[in-house]
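Undergrad: Sequence:
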Amino acid sequence: MGAEVVALVVDLVVGLAAMEVERVAMEVERVAMEVDRVALEEERVALEEERAALEEERAALAQLALALADLGSLEASSPFTLTQASCSRSMWRLIPISNK
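For the sequence shown, my numbering gives the first residue as 333, with consecutive numbering after it.
Worth flagging that the hints you see were computed from the coordinates, not collected in a lab. This structure is a prediction, so every number in the text was calculated from the model and none was measured. For glycine and all other residues, C-beta sits at the position ideal for the given N, C-alpha and C. The reader is advised that the hints may include incorrect statements.
[What the hints assert, rightly or not] Simulated DEER-style distance windows between Cβ atoms: (1) L398 x L372: 36 to 46 angstroms; (2) E361 x L386: 28 to 38 angstroms; (3) E375 x L348: 33 to 43 angstroms; (4) E375 x L398: 30 to 40 angstroms; (5) V353 x E387: 48 to 58 angstroms; (6) R376 x V353: 29 to 39 angstroms; (7) M333 x V370: 54 to 64 angstroms; (8) L340 x E361: 28 to 38 angstroms; (9) S409 x E380: 42 to 52 angstroms.
Based on the sequences and whatever the hints tell you, model everything.
TA: Below you can see the structure in the form of structure tokens.
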């Protein structure tokens, strides 16, 4: 009879330990999923920031294209043309064009 009680107590303790191990494993899995969720959220935010930066760059390029188109139409209607001076890439000067 005493051995049966000991066996029942051992089974009970082993069962409780197994349940606790399963509970801890589930908690570890839950934390891992939360870590993955946070990482995905950080990646989403980074991609959104990159998208916003690309949108700003696209808008700046569109403004540049408009400015170049305006410059082209201005140059076409002018007796002068913008040319780059040979002495420096950063220097610009107006040169009259006789065939315009």
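Undergrad: Does the beta carbon distance between E375 and L398 stay inside 30 to 40 angstroms, or does it fall outside?
TA: holds (35 angstroms)
Undergrad: Taking the beta carbons of R376 and V353, is their distance inside 29 to 39 angstroms?
TA: Once the Cβ atoms are compared, 35 angstroms apart, the range 29 to 39 angstroms for V353 and R376 holds.
Undergrad: Would you say the C-beta atoms of L340 and E361 sit inside 28 to 38 angstroms of each other?
TA: holds (32 angstroms)
Undergrad: How does the Cβ-Cβ distance of V353 and E387 compare with 48 to 58 angstroms: does it lie in that range?
TA: The hinted range 48 to 58 angstroms holds for V353 and E387, with Cβ atoms some 51 angstroms apart.
Undergrad: Is the gap between the beta carbons of E375 and L348 within 33 to 43 angstroms?
TA: Roughly 41 angstroms apart at Cβ, these two residues keep to the hinted range, so it holds.
Undergrad: Between the beta carbons of L398 and L372, is the distance compatible with 36 to 46 angstroms?
TA: holds (39 angstroms)
Undergrad: Quick one: are M333 and V370 within 54 to 64 angstroms, going by C-beta?
TA: About 56 angstroms separates the Cβ atoms of M333 and V370, which means 54 to 64 angstroms holds.
Undergrad: Tell me if the beta carbons of S409 and E380 are separated by a distance inside 42 to 52 angstroms.
TA: About 44 angstroms separates the Cβ atoms of S409 and E380, which means 42 to 52 angstroms holds.
Undergrad: Within 28 to 38 angstroms: is that where the Cβ-Cβ distance between E361 and L386 falls?
TA: holds (37 angstroms)
Consistency with the previously given hints is maintained throughout, with no hint failing.
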